[in-house]
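Asks: Each protein sequence line maps, in turn, to chains A and B. Take 0 as the starting number for the first sequence in numbering that gives the first Met the number 0 and just add one per residue. Take 0 as the starting number for the second sequence in numbering that gives the first Met the number 0 and just add one per residue.
Worth flagging that the hints you see were computed from the coordinates, not collected in a lab. Model, not experiment: these values are computed from the prediction. There may be inaccurate statements among the hints.
Label-pair restraints from in silico Cβ distances [claimed, not checked]:
#1 B:Ile352 - A:Lys497: 33 to 39 Å
#2 B:Arg156 - A:Ala523: 52 to 58 Å
#3 B:Glu189 - A:Gly548: 23 to 29 Å
#4 A:Pro515 - B:Lys204: 29 to 35 Å
#5 A:Gly505 - B:Ser159: 47 to 53 Å
#6 A:Glu547 - B:Glu189: 24 to 30 Å
#7 A:Gly548 - B:Ala313: 44 to 50 Å
#8 B:Lys204 - A:Ser487: 30 to 36 Å
#9 A:Arg561 - B:Ala292: 35 to 41 Å
#10 A:Glu495 - B:Leu192: 55 to 61 Å
#11 A:Arg561 - B:Ala313: 38 to 44 Å
With a Cα cut of at most 30 Å, we get these calculated DSSO-like pairs of lysine-lysine [to be verified]:
#12 A:Lys207 - A:Lys238
#13 A:Lys562 - A:Lys590
#14 B:Lys2 - A:Lys562
#15 A:Lys576 - B:Lys74
#16 B:Lys2 - A:Lys476
#17 B:Lys406 - A:Lys576
#18 A:Lys397 - A:Lys207
#19 B:Lys204 - B:Lys74
#20 B:Lys204 - B:Lys406
#21 A:Lys234 - A:Lys507
#22 A:Lys497 - A:Lys359
#23 A:Lys207 - A:Lys181
#24 A:Lys507 - B:Lys74
#25 A:Lys592 - A:Lys149
#26 A:Lys497 - B:Lys406
#27 A:Lys566 - B:Lys364
We put the beta carbon where it would ideally sit given N, CA and C, even for glycine.
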Amino acid sequence: MIYETEAYDIAVVGAGHAGCEAALAAARLGLRTLLFTISLDGIANLPCNPSIGGTAKGHLVREIDALGGEMGRAADQTFLQSRMLNLGKGPAVHSLRAQIDRVQYHNLMKKNLEQQDNLFVKQAEIIDIRVEDRRVTGVVTKLGTVYPVKAAILCCGTYLNGLIHIGGVHYESGPDGCVPAKGLTENLQQLGIEMRRFKTGTPSRVHKRSIDFSGLERQQGDEEITPFSFETTGKLENKVDCYIGYTNDETHRVIRENLDRSPLYGGLIEGVGPRYCPSIEDKVVRFADKERHQLFIEPMGLDTEEMYLQGMSSSLPEDVQIAFLHTIRGLEHVEIMRNAYAIEYDCCNPQQLLPTLEFKQLKGLYGAGQFNGTSGYEEAAAQGLVAGINAALAIMGKEPLVLDRASSYIGTLIDDITVKGCSDPYRMMTSRSEYRLILRQDNADQRLTPIGYRLGLISESRWRHLQDKLRQIAAEKARLGQVNIRPSAGLNALLEQKGTSPLTGGIKGIDLLRRPQVGYPDFAPFDPGRPVLPREIWEQVEVEIKYEGYIRRQLSQVAEMRKLEQKPLPLELDYAKIAGLRLEAQEKLNKIKPLSVGQASRISGVSPADISVLLLWLSSPFARGGDPRTEDEEE
Amino acid sequence: MEKTIAAIATPHAVGGIAVIRVSGPDAIAVCDRCFQAVSGRPLSVLSGYHAAYGTVMDGRDPVDEAVALVYRAPKSYTGEDVVEISCHGGIYITQEVLRIILRSGAVPAAAGEFTKRAFLNGRLSLTQAEAVMDLIASQGQQSARAAVTAMQGALYRQISDVKDSLVAVCGHLSAWADYPEEEIPAVGQESLLQTLSAAESTLEKLLRQFDSGRLVRSGIRTVIVGKPNVGKSTLMNLLSGCQKSIVTEIAGTTRDVIEETVQIDGLILNLADTAGMRETEDPVEQAGVALSARKLEQADLVLALFDSSLPFSAEDEQLIGRLEGKKTIAVINKTDLVQRLDERLLPPYFDQIVRISAKQETGVKDLHNAITHLLKISDLDPNAPMLANERQRRAAVTARQYIAEAKDALVSGMTLDAVTISAESAVEALLELTGERVTDAVVDEVFSHFCVGK
């Protein structure tokens with residue numbers, strides 16, 4: 000029985016981290032937005048680690064926040080312990096990571112969604128996308144209800160044809176015992192979308208009372224906590240500790256002896272697993288010479304005794320899981336509450352997407368999160384935000400939001416997956432960004448908040464705060480450029496103690512701060528005119544001065560890169576007709592249809608020679624008289 | 000309508016013959032304006048693949064004997080009408096012929112333009128030689144073509160080794176930064192410094208080889224200085240007498256530099272005789288002085304000429320003052336006459352002293368030995384990997400610079416993220432060197448440095 004509802008603008012399919020950001024952004028931009036989830040109790044779930052952030056992922060969260068997304072604020076309100084990772088390795092790789100109360104996070108995000116104007120949250124499974132003239136017109140639920148919409152954003156996570164493996168046992172399931180989504184994959188394939196199968200996994204959850212903490216190392220949070228959100232003010236406090244344990248020879252022996260019972264090594268799993276987050280059996284096999292592997296024991300929340308065993312994801316049978324955990328010091332008597340499992344799911348090849356995350360060949364259809372082949376809550380939320388914004392902008396007839404590699408980790412992520420594609424679940428890393436000295440987590444607001452403000456996702460007060468911050472940074476840099484620091488016994492003793500040469504004459508503050516060994520607070524006693532500034536100000540001053548040379552060079556590399564990005568390639572271009580291209584390049588280019596020469600240059604299988612051919616071709620009269628986009632213009 | 004373009008198609012060096020290629024709709028008409036066939040028939044009556052023997056004319060003056068080969072569109076390299084004029088190979092004759100052709104209605108070809116036209120006219124299905132663009136990337140010259148082989152061989156391996164060592168370090172640094180909780184050992188400052196230094200010294204060596212290699216391939220930029228009547232033309236003549244191919248001497252009307260290319264026992268000297276090096280008010284002479292100064296600055300070698308029969312003068316002294324820091328050979332002329340010059344007054348920074356006598360034709364061998372010794376050309380190992388061209392050299396220089404920056408950062412105590420960024424930039428420069436990555440700059444670079452005749 001088909002029942003058609005009133006019309007909406009946008010349907011978001013799935014209410015995980017991608018779906019929540021997509022739905023909130025679209026609704027905040029004024030679009031009538033639907034958010035569908037198989038279970039309202041599964042909204043913004045953390046089905047794997049109870050933490051948000053980490054290397055590069057922390058950058059993503061700060062960028063999401065700077066653009067006007069929700070994840071950072073929600074994490075700040077529900078965190079249990081926070082740490083800035085990589086301190087001492089340099090500002091480019093400082094990354095924030097926080098343990099999160101899983102249930103509180105879900106509750107808070109659900110309430111945020113429910114309180115959002117223009118947003119309609121529905122428990123329903125979407126099984127089909129209605130399309131007319133290669134354009135989305137509606138979504139269909141399992142109950143046969145049709146919701147007419149102009150755009151649909153697929154944020155299906157690991158639900159699509161989800162299949163859980165534990166040893167030789169496998170069964171259809173979504174994450175955390177939710178029902179899987181069935182039927183949508185086949186309908187997407189009928190629309191011409193290329194789908195594939197990926198795999199991921201999660202470790203077991205164990206009961207706190209069964210852990211012998213005396214056998215584990217305690218890991219505490221930072222004393223001074225940096226929040227994720229640039230809006231969060233006030234003092235934040237850690238509420239819990241985490242613990243570190245180690246596997247040993249015996250653990251590895253148990254795993255090795257039972258490898259034949261792993262669905263992975265037994266060939267039962269066809270999906271491709273993440274290289275960057277291997278299961279413990281993967282680690283033991285691939286790094287056979289490593290004597291021990293670390294594991295982190297993390298609380299799942301304040302209102303539960305469940306503990307998460309980071310680093311121990313596995314798809315070995317239940318009895319083997321118990322056996323190898325019991326070999327670990329501190330876990331000798333551990334009680335498993337939820338088993339570790341591997342899950343296979345359907346996702347799309349993201350090379351079919353534009354940098355707006357809209358499908359190149361299907362107007363109004365967007366993808367975000369694990370559906371696009373990525374892994375991780377933060378990667379998902381980042382894409383959800385961009386997809387939600389773009390779906391809204393397209394309906395409003397506005398210019399799309401395209402973030403390039405030099406703007407952000409979000410832009411780098413989207414460029415990587417849409418241009419280079421991914422052959423296993425994609426995880427963000429700082430080393431994926433060639434511009435990481437300018438894409439720091441500490442300046443995400445300077446990079447992206449102006450964009451969020453223009454879009455209408457940033458409040459006036461926050462905008463004013465940023466302007467104020469920029470003014471203060473500039474003023475202090477200028478002051479340090481003027482002020483003369485005079486040598487004194489105290490200062491020279493300090494400098495020598497820091498391992499840098501003492502002063503013989505006066506020195507400009509800015510030059511003193513350029514020394515790698517000297518921090519901004521260090522010479523406060525010798526800089527009497529210094530104003531009292533909050534950390535977020537003086538930290539910027541210090542980084543911008545200390546790394547000035549590197550930053551300047553990266554900026555010039557960015558300018559170089561943008562030149563090739565600005566040479567557009569038409570989507571309709573048939574590369575088979577460009578005689579000079581090698582066959583492999585023709586095929587790759589025709590499949591991916593890059594939007595610019597810059598993108599084309601990053602496709603594997605496209606050589607520098609092919610790029611030269613493209614540049615030559617672009618300068619020819621054929622390119623100027625190329626096929627225009629007549630279909631769209633005639634409508 | 001496309002313009003008709005012209006350029007010298009053969010390497011810019013002394014050779015038996017040189018070829019000037021003219022391509023475009025007016026190619027044949029342009030050449031008819033400046034080429035007179037012995038047969039008396041214009042080129043316009045020739046069909047494709049036919050040649051005429053005759054003279055290149057500057058107005059009524061014959062400039063050189065030449066052969067004109069006519070190609071008819073589309074059966075030519077570019078797919079357009081093409082005339083190739085083969086003339087005698089002296090650099091200045093060839094350039095003069097080109098100038099005459101340009102005066103007759105052609106425009107100078109932009110870098111890479113012949114190949115570009117060939118491509119756009121569908122004359123190049125790049126499958127012919129893997130891809131013409133691969134060829135372009137190696138600059139197309141004969142010398143560079145030999146380097147393509149080098150690229151696949153020794154040079155490529157050496158660069159790859161450097162690159163791999165840096166990639167390994169960067170990979171380790173990245174893993175260490177990206178997986179702070181994975182017990183990845185920190186990269187030791189010592190081993191990091193060692194890797195960087197090893198990479199740096201390999202690149203240094205390659206660059207040194209390139210510099211001596213360039214001197215062998217395209218000649219030694221040599222400036223002759225000396226006060227008037229010291230015997231510069233004698234030296235010129237003496238040197239000219241040693242070479243086999245035709246050499247012309249063109250005294251420019253607007254410039255005071257006489258140039259000539261000579262060979263001594265296989266060494267190519269691109270000689271420039273700088274006339275005015277003194278202070279002057281005359282604007283014309285000032286321009287000459289500026290030109291001389293520039294020549295001096297670019298020179299690989301300076302031959303400072305002194306008259307043995309005259310005592311050391313103030314003018315000599317002034318001259319010497321300009322030569323500090325240049326590789327200089329003091330050439331004492333007129334050694335057959337009575338010796339009045341006190342050689343002890345020559346400055347210590349003159350690397351060699353050679354005595355010649357034009358009259359007795361002695362000293363040329365000594366001069367040759369002095370040059371090879373001074374420029375370390377004898378040290379050149381022809382089998383060592385060699386950077387092929389300026390583009391490759393610049394990539395190697397950039398890579399070396401980034402490595403130095405990485406070392407600096409490391410030694411001065413900067414955080415390792417900065418070290419990593421510099422090391423990665425070095426890797427990128429090396430990838431550019433081997434053509435494994437392309438940026439707009441590389442492409443522009445390749446096109447503008449591509450031998451314009453090919």
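Asks: Next, verify each hint and record whether it holds.
Replies: Hints, verified against the model:
1. A hinted range of 33 to 39 Å for the beta carbons of isoleucine 352 of chain B and lysine 497 of chain A is inconsistent with their spacing of about 55 Å.
2. At roughly 54 Å, the beta-carbon separation of arginine 156 of chain B and alanine 523 of chain A lies within the given 52 to 58 Å, and the hint holds.
3. About 25 Å separates the C-beta atoms of glutamate 189 of chain B and glycine 548 of chain A, a value consistent with the hinted range of 23 to 29 Å.
4. Take proline 515 of chain A and lysine 204 of chain B: their Cβ atoms lie about 31 Å apart, and the range 29 to 35 Å holds.
5. Under the hint 47 to 53 Å, the C-beta atoms of glycine 505 of chain A and serine 159 of chain B, about 50 Å apart, fit the expected range.
6. For glutamate 547 of chain A and glutamate 189 of chain B, the hinted distance range of 24 to 30 Å is satisfied, since their beta carbons lie about 28 Å from each other.
7. At about 47 Å, the beta-carbon gap between glycine 548 of chain A and alanine 313 of chain B stays in the expected band of 44 to 50 Å.
8. In this structure the supplied range 30 to 36 Å is violated for lysine 204 of chain B paired with serine 487 of chain A, their Cβ-Cβ distance being about 48 Å.
9. Evaluation of the 35 to 41 Å hint for arginine 561 of chain A and alanine 292 of chain B yields a pass: the beta carbon distance comes to about 39 Å.
10. Taking 55 to 61 Å as the suggested C-beta distance range, the pair glutamate 495 of chain A and leucine 192 of chain B does not conform, at roughly 24 Å.
11. For arginine 561 of chain A paired with alanine 313 of chain B, a C-beta distance near 58 Å fails the hint of 38 to 44 Å.
12. A hinted pair counts as satisfied when its Cα atoms are at most 30 Å apart, and lysine 207 of chain A with lysine 238 of chain A qualifies at roughly 16 Å.
13. A C-alpha spacing of about 24 Å is found between lysine 562 of chain A and lysine 590 of chain A, which places the hinted pair at or below 30 Å, so the restraint holds.
14. Between lysine 2 of chain B and lysine 562 of chain A the CA atoms are separated by roughly 28 Å; this keeps the pair inside 30 Å, and the hint holds.
15. Distance restraint check for lysine 576 of chain A and lysine 74 of chain B: the Cα-Cα separation of roughly 22 Å lies within the 30 Å cut-off, and the hinted pair is therefore satisfied.
16. A C-alpha spacing of about 55 Å is found between lysine 2 of chain B and lysine 476 of chain A, which places the hinted pair above 30 Å, so the restraint is violated.
17. Restraint check: the Cα-Cα separation between lysine 406 of chain B and lysine 576 of chain A comes to about 48 Å, which exceeds 30 Å; the hinted pair is violated.
18. Of the supplied pair hints, the one linking lysine 397 of chain A and lysine 207 of chain A is violated, its CA atoms being roughly 52 Å apart against a limit of 30 Å.
19. For a cut-off of 30 Å, the pair hint linking lysine 204 of chain B to lysine 74 of chain B is broken: about 46 Å separates their Cα positions.
20. Distance restraint check for lysine 204 of chain B and lysine 406 of chain B: the Cα-Cα separation of roughly 18 Å lies within the 30 Å cut-off, and the hinted pair is therefore satisfied.
21. At most 30 Å may separate the alpha-carbon atoms for a hinted pair to count; lysine 234 of chain A and lysine 507 of chain A exceed this at roughly 34 Å.
22. A hinted pair counts as satisfied when its Cα atoms are at most 30 Å apart, and lysine 497 of chain A with lysine 359 of chain A does not qualify at roughly 56 Å.
23. Distance check on the hinted pair: lysine 207 of chain A and lysine 181 of chain A sit about 36 Å apart at the alpha-carbon level, beyond 30 Å; violated.
24. For the hint linking lysine 507 of chain A to lysine 74 of chain B, the alpha-carbon distance of about 70 Å lies beyond 30 Å, and the restraint is violated.
25. Distance hint between lysine 592 of chain A and lysine 149 of chain A is fulfilled; the C-alpha atoms sit about 24 Å from each other, no more than 30 Å.
26. With a CA separation close to 20 Å, the supplied pair lysine 497 of chain A and lysine 406 of chain B stays within the 30 Å bound.
27. Under the criterion of a C-alpha separation no larger than 30 Å, the hint pairing lysine 566 of chain A with lysine 364 of chain B is inconsistent with the structure, at around 57 Å.
Checked against the numbered hints above, the structure breaks hints 1, 8, 10, 11, 16, 17, 18, 19, 21, 22, 23, 24 and 27 and satisfies the rest.
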